[in-house]
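Novice: Based on the provided sequences and hints, a complete structural model is requested.
So for the first sequence, this note's numbering puts the first residue at 394; every next one is plus one.
Please keep in mind that the hints were generated in silico from the structure rather than gathered at the bench.
Since the structure is predicted, the reported quantities are computational estimates derived from the model, not experimental observations.
Backbone N, C-alpha and C fix where the C-beta goes; we use that ideal spot for every residue, glycine too.
Hints are not guaranteed to be accurate.
[Unchecked claim] Computed cross-link-like contacts, DSSO-like style, restricted to lysine-lysine with a CA-CA straight-line distance of at most 30 Å:
id	residue 1	residue 2
1	Lys734	Lys677
2	Lys769	Lys424
3	Lys460	Lys677
4	Lys638	Lys522
5	Lys706	Lys730
6	Lys677	Lys434
7	Lys734	Lys698
8	Lys708	Lys734
9	Lys604	Lys652
10	Lys434	Lys410
11	Lys839	Lys604
[As the list claims (entries may be wrong)] Quick list of simulated restraints, FRET-style, between CB atoms:
id	residue 1	residue 2	range
12	Ala832	Asn539	28 to 38 Å
13	Glu778	Arg452	40 to 50 Å
14	Gln712	Ala576	43 to 53 Å
15	Glu580	His855	18 to 28 Å
16	Arg584	Glu778	25 to 35 Å
17	Lys545	Lys698	54 to 64 Å
18	Glu474	Ala573	30 to 40 Å
19	Glu482	Ala573	21 to 31 Å
20	Val546	Phe471	22 to 32 Å
21	Trp543	Pro806	33 to 43 Å
22	Gly728	Ala576	48 to 58 Å
23	Ala832	Val433	36 to 46 Å
24	Arg713	Lys434	40 to 50 Å
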Amino acid sequence: MDKPSADKKTLDAITPKSQDISRWYTDVVLKARLADYSPVKGCMIIRPYGYAIWENIQRLLDAEFKKTGHVNAYFPMFIPESFLTKEAEHVEGFAPEVAWVTQGGKEPLEERLAIRPTSEAIIGHMYAKWVESYRDLPILINQWANVVRWEKVTRPFLRTTEFLWQEGHTAHRTHEEAKAEVARMLEVYRRFVEEDLAIALVTGEKSQKEKFAGALHTFTIEALMPDGQALQSGTSHDLGQNFAKAFDIKFLDADGERKHVWTTSWGMSTRIIGAVIMTHGDDKGLRLPPRVAPTQAVVIPIVYKEAAPVLEKSKQLRQRLLDRGWRVHLDDRDGFKPGWKYAEYEMMGVPLRIEIGQKDMEKGQVCLVRRDTGEKAFVPDTAFEAEVERLLGEIQKNLHVQAKEILRRRTFPATTFAEFVEVIKEQHGMADVAWCGQAACEDRFKAEVGATIRCLRDASPHHPCVVCQGPASRQVYVARAY
RNA sequence: CGGGGCGUAGCGCAGUUGGUAGCGCACCUGGUUUGGGACCAGGAUGUCGCUGGUUCGAGUCCAGUCGCCCCGACCA
Numbered sequence: 394m395d396k397p398s399a400d401k402k403t404l405d406a407i408t409p410k411s412q413d414i415s416r417w418y419t420d421v422v423l424k425a426r427l428a429d430y431s432p433v434k435g436c437m438i439i440r441p442y443g444y445a446i447w448e449n450i451q452r453l454l455d456a457e458f459k460k461t462g463h464v465n466a467y468f469p470m471f472i473p474e475s476f477l478t479k480e481a482e483h484v485e486g487f488a489p490e491v492a493w494v495t496q497g498g499k500e501p502l503e504e505r506l507a508i509r510p511t512s513e514a515i516i517g518h519m520y521a522k523w524v525e526s527y528r529d530l531p532i533l534i535n536q537w538a539n540v541v542r543w544e545k546v547t548r549p550f551l552r553t554t555e556f557l558w559q560e561g562h563t564a565h566r567t568h569e570e571a572k573a574e575v576a577r578m579l580e581v582y583r584r585f586v587e588e589d590l591a592i593a594l595v596t597g598e599k600s601q602k603e604k605f606a607g608a609l610h611t612f613t614i615e616a617l618m619p620d621g622q623a624l625q626s627g628t629s630h631d632l633g634q635n636f637a638k639a640f641d642i643k644f645l646d647a648d649g650e651r652k653h654v655w656t657t658s659w660g661m662s663t664r665i666i667g668a669v670i671m672t673h674g675d676d677k678g679l680r681l682p683p684r685v686a687p688t689q690a691v692v693i694p695i696v697y698k699e700a701a702p703v704l705e706k707s708k709q710l711r712q713r714l715l716d717r718g719w720r721v722h723l724d725d726r727d728g729f730k731p732g733w734k735y736a737e738y739e740m741m742g743v744p745l746r747i748e749i750g751q752k753d754m755e756k757g758q759v760c761l762v763r764r765d766t767g768e769k770a771f772v773p774d775t776a777f778e779a780e781v782e783r784l785l786g787e788i789q790k791n792l793h794v795q796a797k798e799i800l801r802r803r804t805f806p807a808t809t810f811a812e813f814v815e816v817i818k819e820q821h822g823m824a825d826v827a828w829c830g831q832a833a834c835e836d837r838f839k840a841e842v843g844a845t846i847r848c849l850r851d852a853s854p855h856h857p858c859v860v861c862q863g864p865a866s867r868q869v870y871v872a873r874a875y
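Specialist: Right under this line is the structure:
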């Protein structure tokens, strides 16, 4: 138990991921300075390093929204109670977690105001004002905003009382058009998460029990965390005419008839950052996918007596990468040994480390070290930019391959209920099972092991219902969830 | 919201039968160092989560309250 030197090394270390993933997660969030706890329960401060990831997510997603014809706007965070209650299923679903403003200054309010848990109500109200003719359609608006949901159990990023997200709200002339929009945006999410965040997903429709409150149909992208819990990472809702009727959003169609519009909504939140942390991180800390890493490469000069030439070379290397559009940091701080810096940037998840010392300069080479594999390579100075570009691409790809492999290994078919329970409780995995479509059978997933249907698969069932052994209508993914 | 655990310096912790707070790391200054978490010397740092009570005296005992973590029921 007395190990003075070992103690020193483990003092700042994070709890190993394999040992206790919950503590590991908290350690990483705090030590990598992604976020910090706020004085208000369930809220968090997103620190610059964490916020930089969010900014990259915003930038990439927003570009996709623009490409698909959407524009940004901003709606207020206060929603009159009478608006929220207009859509019966919507209010029932959100009532338990709405925060209320009841007083302004010293005066009590005549009507209390909900702090938006989502914006269908206020946006529906406005769309009713704005839509007159079929020529006003479609409306394709997105907003970047904060919302508040009074959650009982919170964790940084994965579930917070206040969170940042984007919510798209569209109104269409026909149901066909709205359904196409729902599918289009789900695909935008899927591609973004798989390709830019390197996270493996299953996608599909939610069961009626799990759908968004007020929607006809909800479609989801679901990631599986390494502890076997699924994480709903983005949703796209076909709202049918539910909100159009509740808020009286009507247009005069070409045939001279007044008709209700068809609306959709879709959202992705800061929760997705939690998925990035969980999916890619290892015992040393974060491993960030290059596409969203705030710093894609860090230059660490190795200086001895003659510091100036090495520092000068370091600056040149940084500049050569900046010129190519990469996000690069030069850590030329004195007083920290290289080894300390290595550990620090590994913890921060910087994808690529660039070491440069006198020896390298003499040999006309640069040392590159990958965060994902730990592989070290010496490359000719002349090939520097090309190698950095190649390696960052490799790292992005490799993280995705690893994530897909973990999802594959943790997904198990089950044909009997006993097998299903084994998958959830013993394997800590996601079950791929046939389901008859009845709510009673769906309820048993939750009652027995606390799992829910994450999404319906496109595949047709090849076995009887895993619960009742009656004829199955759908193949479904079932798992515990965050 | 139930069950369990924990709140003492920035972080991790110690603090005996109640007697006025300490250790390691981090931080600051100077020097030597620097290819996997350096070393020496000096220095600064606290409403002991908060409120109330018991007491001559509370980090310590009692009550309440807030927060965090873990495990279960609800949710992006």
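Novice: Does each hint hold? Answer for all of them.
Specialist: Now the hints, each set against the structure:
no. : hint                           : in the structure
1   : Lys734 with Lys677             : holds (13 Å)
2   : Lys769 with Lys424             : holds (25 Å)
3   : Lys460 with Lys677             : violated (38 Å)
4   : Lys638 with Lys522             : holds (14 Å)
5   : Lys706 with Lys730             : holds (18 Å)
6   : Lys677 with Lys434             : holds (29 Å)
7   : Lys734 with Lys698             : holds (19 Å)
8   : Lys708 with Lys734             : holds (17 Å)
9   : Lys604 with Lys652             : holds (25 Å)
10  : Lys434 with Lys410             : holds (26 Å)
11  : Lys839 with Lys604             : holds (16 Å)
12  : Ala832 with Asn539: 28 to 38 Å : holds (34 Å)
13  : Glu778 with Arg452: 40 to 50 Å : violated (23 Å)
14  : Gln712 with Ala576: 43 to 53 Å : holds (45 Å)
15  : Glu580 with His855: 18 to 28 Å : holds (26 Å)
16  : Arg584 with Glu778: 25 to 35 Å : holds (27 Å)
17  : Lys545 with Lys698: 54 to 64 Å : holds (60 Å)
18  : Glu474 with Ala573: 30 to 40 Å : holds (34 Å)
19  : Glu482 with Ala573: 21 to 31 Å : holds (24 Å)
20  : Val546 with Phe471: 22 to 32 Å : holds (26 Å)
21  : Trp543 with Pro806: 33 to 43 Å : holds (38 Å)
22  : Gly728 with Ala576: 48 to 58 Å : holds (55 Å)
23  : Ala832 with Val433: 36 to 46 Å : holds (37 Å)
24  : Arg713 with Lys434: 40 to 50 Å : holds (48 Å)
Of the numbered hints listed earlier, those contradicted by the structure are 3, 13.
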